[in-house]
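Participant: Residue-level listing of the chains:
4 protein chains.
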Amino acid sequence: MSSGRFYTLAASCPDRTGIIARVTGFIAAHNGWITESSFHSDEIEGRYFMRIEVKADSLPFMLAEFRSRFAPIAQELDMDWQITDSAVKKRVVILVSKQEHCLYDLLARWQSKELDIEIPCVISNHDTFRGFVEWHGIPFHHVPVTPENKREAFAEVQRLFEESRGDTMVLARFMQILPPELCAAYPRRIINIHHSFLPSFVGAKPYHQAYARGVKLIGATCHYVTAELDQGPIIEQDVIRIDHSDAPDDMVRYGKDIEKTVLARGLRYHLEDRVLVHGNKTVVFR
Amino acid sequence: MSSGRFYTLAASCPDRTGIIARVTGFIAAHNGWITESSFHSDEIEGRYFMRIEVKADSLPFMLAEFRSRFAPIAQELDMDWQITDSAVKKRVVILVSKQEHCLYDLLARWQSKELDIEIPCVISNHDTFRGFVEWHGIPFHHVPVTPENKREAFAEVQRLFEESRGDTMVLARFMQILPPELCAAYPRRIINIHHSFLPSFVGAKPYHQAYARGVKLIGATCHYVTAELDQGPIIEQDVIRIDHSDAPDDMVRYGKDIEKTVLARGLRYHLEDRVLVHGNKTVVFR
Amino acid sequence: MSSGRFYTLAASCPDRTGIIARVTGFIAAHNGWITESSFHSDEIEGRYFMRIEVKADSLPFMLAEFRSRFAPIAQELDMDWQITDSAVKKRVVILVSKQEHCLYDLLARWQSKELDIEIPCVISNHDTFRGFVEWHGIPFHHVPVTPENKREAFAEVQRLFEESRGDTMVLARFMQILPPELCAAYPRRIINIHHSFLPSFVGAKPYHQAYARGVKLIGATCHYVTAELDQGPIIEQDVIRIDHSDAPDDMVRYGKDIEKTVLARGLRYHLEDRVLVHGNKTVVFR
Amino acid sequence: MSSGRFYTLAASCPDRTGIIARVTGFIAAHNGWITESSFHSDEIEGRYFMRIEVKADSLPFMLAEFRSRFAPIAQELDMDWQITDSAVKKRVVILVSKQEHCLYDLLARWQSKELDIEIPCVISNHDTFRGFVEWHGIPFHHVPVTPENKREAFAEVQRLFEESRGDTMVLARFMQILPPELCAAYPRRIINIHHSFLPSFVGAKPYHQAYARGVKLIGATCHYVTAELDQGPIIEQDVIRIDHSDAPDDMVRYGKDIEKTVLARGLRYHLEDRVLVHGNKTVVFR
Chain A
1 MSSGRFYTLA ASCPDRTGII ARVTGFIAAH NGWITESSFH SDEIEGRYFM
51 RIEVKADSLP FMLAEFRSRF APIAQELDMD WQITDSAVKK RVVILVSKQE
101 HCLYDLLARW QSKELDIEIP CVISNHDTFR GFVEWHGIPF HHVPVTPENK
151 REAFAEVQRL FEESRGDTMV LARFMQILPP ELCAAYPRRI INIHHSFLPS
201 FVGAKPYHQA YARGVKLIGA TCHYVTAELD QGPIIEQDVI RIDHSDAPDD
251 MVRYGKDIEK TVLARGLRYH LEDRVLVHGN KTVVFR
Chain B
287 MSSGRFYTLA ASCPDRTGII ARVTGFIAAH NGWITESSFH SDEIEGRYFM
337 RIEVKADSLP FMLAEFRSRF APIAQELDMD WQITDSAVKK RVVILVSKQE
387 HCLYDLLARW QSKELDIEIP CVISNHDTFR GFVEWHGIPF HHVPVTPENK
437 REAFAEVQRL FEESRGDTMV LARFMQILPP ELCAAYPRRI INIHHSFLPS
487 FVGAKPYHQA YARGVKLIGA TCHYVTAELD QGPIIEQDVI RIDHSDAPDD
537 MVRYGKDIEK TVLARGLRYH LEDRVLVHGN KTVVFR
Chain C
573 MSSGRFYTLA ASCPDRTGII ARVTGFIAAH NGWITESSFH SDEIEGRYFM
623 RIEVKADSLP FMLAEFRSRF APIAQELDMD WQITDSAVKK RVVILVSKQE
673 HCLYDLLARW QSKELDIEIP CVISNHDTFR GFVEWHGIPF HHVPVTPENK
723 REAFAEVQRL FEESRGDTMV LARFMQILPP ELCAAYPRRI INIHHSFLPS
773 FVGAKPYHQA YARGVKLIGA TCHYVTAELD QGPIIEQDVI RIDHSDAPDD
823 MVRYGKDIEK TVLARGLRYH LEDRVLVHGN KTVVFR
Chain D
859 MSSGRFYTLA ASCPDRTGII ARVTGFIAAH NGWITESSFH SDEIEGRYFM
909 RIEVKADSLP FMLAEFRSRF APIAQELDMD WQITDSAVKK RVVILVSKQE
959 HCLYDLLARW QSKELDIEIP CVISNHDTFR GFVEWHGIPF HHVPVTPENK
1009 REAFAEVQRL FEESRGDTMV LARFMQILPP ELCAAYPRRI INIHHSFLPS
1059 FVGAKPYHQA YARGVKLIGA TCHYVTAELD QGPIIEQDVI RIDHSDAPDD
1109 MVRYGKDIEK TVLARGLRYH LEDRVLVHGN KTVVFR
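Protein chains in written order, with our numbering: chain A, 1 to 286; chain B, 287 to 572; chain C, 573 to 858; chain D, 859 to 1144.
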């Protein structure tokens, strides 16, 4: 990632000749200094993906004008696109249940400014981490979820997210299934950490499934949430080696290390606009 | 693994107190020098697993007498057991189709004596590797398999395996499905390398399945062959990282590196009697 | 690791025949139920290592009597040995400076009881984490260290460690070099996390050294502290892949993930008496 | 990597604004279709690196004209640059001694066309692999090296390399140190696989050094050969986990798996013009 303030253009469009030249030519014409750039041509899909960081102070205009000047080119190339400003911190709302490993990990990264974000609030269906979260100066909302109140509870979650002006919702081992309406309201903005190496072991108790099958590695998967459980676009995955001496409880313990690492990496890619989604797959410009 | 000649006892039995003491007490009583030993208690299954290497020349008797003297103890403990002699090379028959990576890898390991085995023959449904195999001084049998002759072809494979006095059959990317009778004839003696991280992507074209799902790691699985396709006890697995720039063809290429490594490791564990099977799971004393 | 209360015997002795039989025979004679056991013969050094977990309630006596009854066997075999009780929590004193990643990670593991230890206090040469530590109900001691007061400061650290009845001292990115007397006072009881894959890049700023050399992987090393800087017995190591796009600052960020994971693993091995030291090397019965 | 015939431009130059626009603008002006492109700005060195694949049949001219038309731009940007044609196979001369693992591995990859290269000859200081190499239809030259004939022997190696019109020389566990003149004659064209994770354990018997230090991972390093032993620019590295039960002989065995994999990866990067060297470091556009 670049140092100093920069703008990040992330875009995809149908593939053709001259795309890079068109886009970088525009930036060069305004004397823009490109510090990082990534391009990918998906030959099977015929689609082109790019991500470009430009030093903010190398351009003679601000973000709004950058956007308006770039818009005709984007239209010409039939682009899905966005430009973001590194000086505007993303607002990340964390949802958690009773397991602490991902929450502690994210707050440590936030505390050290490794994750340079705002956390407007943490929402939980349990009151367990109120003190811990509030000690960090972050508001904590306890929204109990029961089979009976599920609709109201998630309406409240959505209200809190809106009120917080959240950009991204992170399910940091949040053990409730989000209703399809909520998933649909924030496409590519809700990130989950699943405690298996998907597509193996979808659904509940993946470590017990892994134990029963006798696999030699267990994993975790960070993905965007869609209405289909555990089926959203995969952002990041990793695995850890286990052996016959590991009972499901040991796997749970090992798994936590993978879960928090994979979630932190996936979230970082997302926050830095490194993840471009096409269909149910991702291009991740690490 | 020990140096010099040694006997390897591999056994499992219902768990109770005093198993190690009973077994190692017997060995100590005959002045046996234990160079490597591994034990595992599966608390969920209530079963005990062990593997012990004893220096051959530390014992006052040979293998046959070791077996007959140990038999009463094994009976008392209700053991599944075997004792093998490191001086007797295992006889490994390799089955291959048209991909060379696992075959070259196994023959390089055999050539350097890293795999200290006999390869009485290589069997293939194609004639592709005849020259390569014969150059190594190993007999090569071409047994074409068609939908029509499948029964006869595998009868011939079995005849060749028997004639070769094979201990173990290795499917080194052999692209034909073995008939259930053949699988049943050699339980825990047929080893396959599957080109996915099972249980993900069973069946055909796993790399294409992996590409379609957008996973970030691909893998390979070495397992014992049973009548149920891709469902046998897993011996070893590993994975390799891929990204969006890898098309299925690239995955095939990366996958080969994992396949040959995982097959070589799994085969070595098997040959050194490090793999104990219980139900559909393995204990692997690495 | 076993469930329920258990005793752990960890021992090493000169290698000879009959060691396992002698030790497990003693346990079996008292009807002791062995749930986990590991043995290793170092053929080059001629030394034997073992670790045995016995269910506490399977024995007809308590720990003190276990020790006194076992002592003659240990003497006979010329053993270095210890027996610990899983019901007695180890007391771990954490030393930290201004980086939070290892501290947050350890406290999360302690909070969830994954690390089933007492943390009698945290000591730091900065006041940064007082609030965070105290929020967890753990006493925090600020002991500033300057070139002038170094002797007094570490005398105070030692006094606090003694007063806390600490078993183990963990340097969780503590950025001061311990004086040789302190190292000598607690052999195999002080654990450090070094931010390189030792023996590469000893000393200061290892990530900058790694950047300058252009390595493709960076790592971390958990080791016992001895008077020789970065030279103590290695308990655990791991690495992470980097590439040309990673500046030293990025390496620092990646490195933190490896550091906290490697420290947590190494500390766990130590606390479970899985680490046996011989000379400057370790046997780690994972 | 692209499918079909393509040209690859690999270049580096002092960083400034407009580099990508200038280069891709030129390609776009001739209707060139870019299938893969990578860019890297080294902010510390102030240098820019790039690699671009252009479909050959999208351009209205052939390679020679591409070069002559691009030359003024390269001069303007003060570039180190080269353009290669995927239809012209690289000529790789392999040097080997008595260990077969890398040789078998490279020939398997060549046999399957995974490595789409010419191997004009294999040179060895032993006659061991003559039959194996010649069976593949590749000329084999036995050039014995002794302390006395070292100068003449390497003059002969150089003569054979020149006569073969070799592009790249691969030391596939060639156990002789190349004389400085030979290293200097082919900068960035001689590739070695070193059996340690450099900069740890330079020089002889790295596995024995690793054993003595008690490290928990061992590795291998693929690097360009320079006159300074084991100090050349690193192309690729990897490691494998070991433990206390592994004696130096076991490490040698494990190490071979890492060595051949790392060499194959590094060589591929080199052959695909993915490795740009600056000073003693590499940019590897994987």
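The reader is advised that the hints may include incorrect statements.
To be verified - Partner residues aside, some chain B positions facing chain D, computed with beta carbon under 7 Å:
#1 ALA315
#2 HIS316
#3 SER383
#4 TYR390
#5 GLN397
#6 GLU400
#7 GLU404
#8 TRP421
#9 ARG539
#10 ASP543
#11 THR547
Claimed, not checked - When the alpha-carbon atoms are kept at most 25 Å apart in a straight line, the in silico DSS-like pairs for lysine-lysine are as follows:
#12 LYS436/B to LYS341/B
#13 LYS399/B to LYS281/A
#14 LYS150/A to LYS113/A
#15 LYS399/B to LYS1063/D
#16 LYS98/A to LYS722/C
#17 LYS399/B to LYS436/B
#18 LYS384/B to LYS971/D
Claimed, not checked - Some chain A residues well away from chain C (every beta-carbon gap over 12 Å; in silico):
#19 ILE44
#20 LEU63
#21 ASP105
#22 LEU106
#23 ALA108
#24 GLN111
#25 GLU114
#26 ALA227
#27 ASP243
#28 ASP257
#29 ALA264
#30 ARG268
Derived by calculation from the structure, the hints in this document are not laboratory data. Since this is a predicted model, take the numbers as computed values, not measurements. From the three backbone atoms N, C-alpha and C, an ideal C-beta is built for every residue, glycine too.
Participant: Next step is simple, just say for each hint if it's right about the structure.
Facilitator: Hints and how they fare:
Checking ALA315/B against chain D by beta carbon gives a least distance of about 26 Å; that is not within 7 Å, so the hint is violated. Nearest Cβ of chain D to the Cβ of HIS316/B: about 25 Å, over the 7 Å cut. The hint is violated. For SER383/B, the suggested interface contact is broken, since its CB lies about 13 Å from the closest CB of chain D, more than 7 Å. Nearest Cβ of chain D to the Cβ of TYR390/B: about 4 Å, under the 7 Å cut. The hint holds.
Interface restraint check: GLN397/B against chain D, minimum CB-CB distance 6 Å, threshold 7 Å, status holds. Because the smallest distance between the Cβ of GLU400/B and any Cβ of chain D comes to about 6 Å, under 7 Å, the interface hint for this residue holds. Hint status for GLU404/B: violated, given a least beta-carbon distance of 19 Å to chain D, over 7 Å. For TRP421/B, the shortest C-beta to C-beta distance to chain D is roughly 5 Å, which falls under 7 Å, so the interface hint holds.
Annotation: interface hint on ARG539/B holds; nearest CB of chain D at approximately 6 Å, less than 7 Å. Proximity of ASP543/B to chain D holds as hinted, the smallest CB-CB distance being about 6 Å (cut-off 7 Å). Because the smallest distance between the Cβ of THR547/B and any Cβ of chain D comes to about 6 Å, under 7 Å, the interface hint for this residue holds. A distance of roughly 46 Å separates the Cα atoms of LYS436/B and LYS341/B; the hinted pair therefore is violated under the 25 Å criterion.
For the suggested pair LYS399/B and LYS281/A, the alpha carbons sit about 45 Å apart, so the restraint of at most 25 Å is broken. For the hint pairing LYS150/A with LYS113/A, the CA-to-CA distance comes to about 35 Å; that exceeds 25 Å, so the pair is violated. About 20 Å separates the Cα atoms of LYS399/B and LYS1063/D, which keeps this hinted pair within 25 Å; it holds. For the hint pairing LYS98/A with LYS722/C, the CA-to-CA distance comes to about 43 Å; that exceeds 25 Å, so the pair is violated.
Distance restraint check for LYS399/B and LYS436/B: the Cα-Cα separation of roughly 35 Å exceeds the 25 Å cut-off, and the hinted pair is therefore not satisfied. As the CA atoms of LYS384/B and LYS971/D are separated by approximately 13 Å, the hinted pair is consistent with the 25 Å bound. Chain C leaves ILE44/A outside its interface by the beta-carbon criterion, the shortest separation being 26 Å against a cut-off of 12 Å. With a closest Cβ-Cβ approach of about 25 Å to chain C, LEU63/A is found to remain outside the 12 Å limit, as its non-interface label requires.
At the 12 Å boundary, the C-beta of ASP105/A falls inside the reach of chain C, the nearest C-beta of that chain being 7 Å off. With a minimum CB-CB distance of about 10 Å to chain C, LEU106/A fails to clear the 12 Å threshold, and the non-interface call is violated. Non-interface status of ALA108/A relative to chain C is broken: a Cβ of that chain comes within 12 Å, the nearest being about 4 Å off. Not every CB of chain C is more than 12 Å from the CB of GLN111/A (nearest about 6 Å), against its label as outside the interface.
With 12 Å as the threshold on Cβ separation, the claim that GLU114/A sits away from chain C is violated: the shortest Cβ distance comes to roughly 6 Å. Listed as a non-interface residue, ALA227/A keeps its Cβ farther than 12 Å from every Cβ of chain C; the least gap is roughly 31 Å. At roughly 9 Å, the least C-beta separation between ASP243/A and chain C is not larger than 12 Å, which violates its mark as non-interface. A Cβ of chain C approaches the Cβ of ASP257/A within 12 Å, the least distance being about 6 Å, so the stated non-interface status is violated.
Some Cβ of chain C comes within 12 Å of the Cβ of ALA264/A; the nearest lies about 8 Å off, and the non-interface call is violated. Non-interface call for ARG268/A relative to chain C: violated, since the shortest CB-CB distance, roughly 9 Å, does not exceed 12 Å.
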